Structures are given as structure tokens and as C-alpha cells.
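Sequences listed follow chains A and B, in order.
Just so you know, the numbering used here puts the end of the first sequence at 116, numbered straight through with nothing missing.
Just so you know, the numbering used here puts the end of the second sequence at 110, numbered straight through with nothing missing.
Each hint should be verified, as a subset may be incorrect.
Claimed, not checked - Which bits of chain B does chain A cover? Going by a derived footprint, with three or more residues having C-beta under 8 Å, they are:
(1) 26-40
(2) 43-49
(3) 59-66
To be verified - Here are the simulated DSS-like pairs of lysine-lysine, each with C-alpha atoms no more than 27 Å apart in a straight line:
(4) K56(B) / K96(A)
(5) K11(A) / K78(A)
(6) K78(A) / K57(B)
Derived from the structure by calculation, the hints contain no laboratory data.
Just so we're clear, the structure is a prediction, and the values are computed from it rather than from any experiment.
Note that beta-carbon positions come from the ideal geometry of N, C-alpha and C, so glycine has one too.
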Amino acid sequence: GAGVSQSPRYKVAKRGQDVALRCDPISGHVSLFWYQQALGQGPEFLTYFQNEAQLDKSGLPSDRFFAERPEGSVSTLKIQRTQQEDSAVYLCASSKGPPQSTDTQYFGPGTRLTVL
Amino acid sequence: TQLLEQSPQFLSIQEGENLTVYCNSSSVFSSLQWYRQEPGEGPVLLVTVVTGGEVKKLKRLTFQFGDARKDSSLHITAAQPGDTGLYLCAGDNYGQNFVFGPGTRLSVLP
């Protein structure tokens, strides 16, 4: 399909483990966003990229969270030394224009992370 | 910190009823978006409202942006079970950031 894909769809980690979540945006989309959605809540912004440049990472909750998009397409969100409070759905979205353009964001299905 | 509040938090109605959900903030937004999210899926954009006082209709859904661009409402006429889902509003702060509300979880019973 031509939509945003994320993998894995589900991830269970033991507390203290590192995890890596992958996002494949729509081909050609300039902007890529990561959000964290806790159970029963709306998505909360984590970070965004314009091509390979990470323009805003103000939403990352701690220095255990790291995101990259080295070639301006696929992105990886890495969480080190996972904690139980990291349990959430992690959503990725992409849009055609730069982040400031307010182009429609297309969301992937998310990765549900459970930290035991 | 900009916050968006949504009400009600939960709504359960019978098929055929009308309903309105609200999205409120003390902040002004350059635009406001409404999404619907179903279990196991990401949010899907329904509409973007930009101009204060703007009204947009999408079949049985009517969206209104407040004159001051701080609040919005979504009205559904003759709700159907297929309307069931989490309705999220999101405000755009002039391209600087994007803030979601906590959502209204709607259940339409047949």
C-alpha cells in the first residue's frame, strides 16, 4: 500500500531493555512526525523531521529517547533502558510539505509498546 | 503550554440520534483539525478549519471554528454505528507545534 507503515505493530520489552521502532513514510513526503499516545489519551508530539534534519525534539520525554532519519525517508525511534511509563502507542505521521506548511498529516497504525 | 480540552470525554447514543462534541482552548490557533481514530489504527483527518467562524460540512458531520479561533465543535446528524470511534481535535500553533486534545470516545449503538 501507499500509506505510512510502522513496525513492529506490537512490542513487549522487559524494563531496562532497549527498543527500536521503525516508520516508513509515504514516498516523497518531506516531513515526518513522531507522537506518543498513552491509553485513553490523545497523541502527544515527540519530534519532527524535515527530510533528514530533526527540527524539533522538544517533546522527547527524556534523553533515553532518540530519533533519526538519516536518509530523509525511513525513521527510527529508539528508546534506551525502557521504563514502565514508556508503555504507549507510538504513532508516526508524514506530510508532503515542510512542517510549517500545515499539509495533511497521514498517520501510520502505530506500534504498541508494553514494558513489563 | 497550550492545552486543548474536549467534552464530553465519553458519549454513548442510539443510532439515529444527533450529537455535538466540543473542543476548547484558551489559546488561539492558526487552524484546527478534527480526526477520527479507530482501535488499532492511527488518526484519520476529517477536516481542517482555518477561518474564525468557518463552518464546514462533510455529509452528516458539521464542523464549526469559533470566531476567536480558540474553540470548535463537531455536530453529527443521525448518528450511525459506523461513526463509532475516538474523535480528536488538534490545534496548529502557526506551524510551530501541533497539539492534540484528549479525545471524545463515541459509541453509537444499533
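Each hint, compared with the structure:
Taking a C-beta to C-beta cut-off of 8 Å, the segment 26-40 of chain B contributes 3 residues in contact with chain A, enough for the three needed, and the coverage statement holds. For the segment 43-49 of chain B, the stated coverage by chain A holds: 4 residues have a C-beta nearer than 8 Å to a C-beta of that chain, and at least 3 were required. For a cut-off of 8 Å, the count of residues in the segment 59-66 of chain B with a CB near a CB of chain A stands at 0, and the three-residue condition is violated. Annotation: proposed proximity of K56(B) to K96(A) holds, straight-line Cα distance about 23 Å (limit 27 Å).
With a C-alpha separation of about 13 Å, the suggested pairing of K11(A) with K78(A) holds against the 27 Å cut-off. For the proposed pair K78(A) and K57(B), the alpha carbon gap of about 41 Å is over 27 Å, so the pair is violated.
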